[in-house]
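Just need the whole structure built from these sequences, with the hints factored in.
Residue numbers (the working numbering), protein chains in the order written: chain A, 1 to 166; chain B, 167 to 604.
Be a bit skeptical, because a hint or two may be false.
Mimicking DSS-like on lysine-lysine, the simulated pairs with C-alpha atoms at most 27 angstroms apart in a straight line are [as the list claims (entries may be wrong)]:
1. A/Lys143 / B/Lys477
2. B/Lys488 / B/Lys404
3. B/Lys343 / A/Lys143
4. B/Lys372 / B/Lys459
5. B/Lys602 / B/Lys505
6. B/Lys372 / B/Lys477
These are calculated hints, taken from the structure and not from any lab test.
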Amino acid sequence: MNYRNDLLPALLGILNFALVVIVIALFYLLFGNNLVETYRNQPVPMERQAYRPGSGGNGGEVDQDKVVDGIHVQTGLIYAEGFDIVRGTCTACHSAKLVTQNRATREGWEEMIRWMQASQGLWDLGANEPAILNYLAANYAPKDIGRRASLDVEAIEWYVLDMGSE
Amino acid sequence: MPDKKVTGLHELYEKDPIKADKQLWGRTSDPVTRRGFLQKGALTALSLALGSTMVFAEHFPAGMIPAGLAYSDLPFSLPGKRAGLVVLNDKPINAETPPHLLNDPLTPNDLFFVRNNGIPPENVDVANWTITIEGESANQKKSYTLAELKAKFENVTYNLTLECGGNGRSEFNPPAKGNQWSTGAVGCAAWTGVRLKDVLKDVGVKSNAVYVAYYGKDTHLSGEAGKVVISRGVPISKAMEDESLIAWAMNGKDIPVLNGYPLRLVFGGFPASCSGKWLSKIVIRDQVHDGPKMTGQSYRVPCKPVAPGTKVPNDEMCIIEKMPVKSLITFPKTGATIKKGSQLPIQGKAWTSAASIETVDYSIDFGSTWKSCSLEVAENRYSWQPFSAKISFPEVGYYEVWVRATDAEGKAQPMLLPGWNPRGYLNNACHRIAIKVS
Numbered sequence: 001m002n003y004r005n006d007l008l009p010a011l012l013g014i015l016n017f018a019l020v021v022i023v024i025a026l027f028y029l030l031f032g033n034n035l036v037e038t039y040r041n042q043p044v045p046m047e048r049q050a051y052r053p054g055s056g057g058n059g060g061e062v063d064q065d066k067v068v069d070g071i072h073v074q075t076g077l078i079y080a081e082g083f084d085i086v087r088g089t090c091t092a093c094h095s096a097k098l099v100t101q102n103r104a105t106r107e108g109w110e111e112m113i114r115w116m117q118a119s120q121g122l123w124d125l126g127a128n129e130p131a132i133l134n135y136l137a138a139n140y141a142p143k144d145i146g147r148r149a150s151l152d153v154e155a156i157e158w159y160v161l162d163m164g165s166e
Numbered sequence: 167m168p169d170k171k172v173t174g175l176h177e178l179y180e181k182d183p184i185k186a187d188k189q190l191w192g193r194t195s196d197p198v199t200r201r202g203f204l205q206k207g208a209l210t211a212l213s214l215a216l217g218s219t220m221v222f223a224e225h226f227p228a229g230m231i232p233a234g235l236a237y238s239d240l241p242f243s244l245p246g247k248r249a250g251l252v253v254l255n256d257k258p259i260n261a262e263t264p265p266h267l268l269n270d271p272l273t274p275n276d277l278f279f280v281r282n283n284g285i286p287p288e289n290v291d292v293a294n295w296t297i298t299i300e301g302e303s304a305n306q307k308k309s310y311t312l313a314e315l316k317a318k319f320e321n322v323t324y325n326l327t328l329e330c331g332g333n334g335r336s337e338f339n340p341p342a343k344g345n346q347w348s349t350g351a352v353g354c355a356a357w358t359g360v361r362l363k364d365v366l367k368d369v370g371v372k373s374n375a376v377y378v379a380y381y382g383k384d385t386h387l388s389g390e391a392g393k394v395v396i397s398r399g400v401p402i403s404k405a406m407e408d409e410s411l412i413a414w415a416m417n418g419k420d421i422p423v424l425n426g427y428p429l430r431l432v433f434g435g436f437p438a439s440c441s442g443k444w445l446s447k448i449v450i451r452d453q454v455h456d457g458p459k460m461t462g463q464s465y466r467v468p469c470k471p472v473a474p475g476t477k478v479p480n481d482e483m484c485i486i487e488k489m490p491v492k493s494l495i496t497f498p499k500t501g502a503t504i505k506k507g508s509q510l511p512i513q514g515k516a517w518t519s520a521a522s523i524e525t526v527d528y529s530i531d532f533g534s535t536w537k538s539c540s541l542e543v544a545e546n547r548y549s550w551q552p553f554s555a556k557i558s559f560p561e562v563g564y565y566e567v568w569v570r571a572t573d574a575e576g577k578a579q580p581m582l583l584p585g586w587n588p589r590g591y592l593n594n595a596c597h598r599i600a601i602k603v604s
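Below you can see the structure in the form of structure tokens.
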């Protein structure tokens, strides 16, 4: 056997490198999922202050629990059973406006949750899911408006059109 | 799983004030308007956080949006946008332009609607912005800097209308999920850039090319690094049209951050979601592109008409490749009261994916009779066309003015809603405004 002594350091180097790679790979296999999870959005308990998109209000100045005419002022969500869970869960990722501007049946809301879980990184809602679906189905159900609704005359702000010299 | 780290503002600032400042409030923006944006964003963001602890670690990955957006009871301030836009969603940002703010011949940058799927990139380095062209049907992989694009290819400007495929969704019944656009996810601007086909030809397109698709630099709401927000495209024939642009300017100015600064695609006549923003990569595909929001039910309608409420399997949904004929009354704003005997001037815009708009008519008797509007000729295909009329009313009372455009293919707008579809696309029903004559 004629080893070349000058190759030995190189071989040792490669072995060392391989060892490091294996250790890193093992670490990733063992802890990788947890690490990735910590960088994902998670629900933030409502008793903790957090940035909540679409939460409205004046930050720390407005009472975060203020409810006027059945509407939670900060989010615009209807204040009803299940409100806390919905607020804590949905606004962790997106605006409450994405809830309040939509209407769907329970089945329709469930489809949206499944879609968010399949493609948008929403976590398993566990025991909260029925409560969330109950809230959404009860408070944001479709209205039957026919093939085309009348103009919302009540919402129109009437004004006198100034046509100058005409 | 390690404990979540809760970092207070003061703690963050104590450690590294400059870094904290940048992390928390330091959004960059269009260099031209950057200063104002920073000041405004910083003020509102700071007031939001006053007296509160920020659960920073948990939310950082998702990216903080300018916190001015979190106020629903203050006049809304979207960076680079004028007050008056109706904000449908603040994360991601989606805002529409009310019809009476679309009366300009070309939509000003600060009034152009915003339809974002993710979070726009921050700290855009224009000098080093590159676009890479690759894909199965590209002869080579090739990159260009913005400066190279401008220098190497003919610079062209077209007036192109962009309309979100879901514009008008709010009227569908049963309702469709998503942003409930009323009429305002549309605008027409003068876009300056290079022809996409010139760039594609420079790279070399194989004869088996089917689709051209984009990737942009926006980031996903979930905060998952590297997750593609949206990647759509157009058939190769559309990509090769003269008016299909890689654009860096809008009405002679930088494109607003929310609309794709510094570089985007612009395709008139297709759903605006095809016109990728914050453009960094184009792929020439040998198949129909299959990126996020290209497949399933997204931007697709039933291949065959269905009854309202029908569940349609994915394989019976077809990609939208044509926006329908449509028009809006942009003057006066709905709710005008006029005196009996005076004529009401109306103005508006009409657009189509066909060659041109042929006629625009109005009705004041709920569609019983129609009279024609005078219609301007467009400078180029896919531009909207202004129209106007003077209306006399026979009697005092409540009226609705309806307008109906007809395009060169003979297609006109319906008075009721067009075919229901699961995701609520392509509502081109006649626009209506209310008028009182007293």
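#### Entry: Straight-line alpha-carbon gap B/Lys343 to A/Lys143, limit 27 angstroms
holds (14 angstroms)
### Query
Does B/Lys404 lie within 27 angstroms of B/Lys488 when you go C-alpha to C-alpha?
This hinted pair holds, its Cα atoms lying about 11 angstroms apart.
### Restraint check for B/Lys372 with B/Lys459, where alpha carbons must lie at most 27 angstroms apart
holds (25 angstroms)
### Restraint check for B/Lys372 with B/Lys477, where alpha carbons must lie at most 27 angstroms apart
Violated - the C-alpha atoms of B/Lys477 and B/Lys372 are around 39 angstroms apart, more than 27 angstroms.
### Message
With the threshold set at 27 angstroms, check whether the alpha-carbon distance from A/Lys143 to B/Lys477 stays at or below it.
### Response
holds (19 angstroms)
### Query
Holds or violated: are the alpha carbons of B/Lys602 and B/Lys505 at most 27 angstroms from each other?
holds (8 angstroms)
This entry does not satisfy hint 6, going by the numbered hints stated previously; all others are met.
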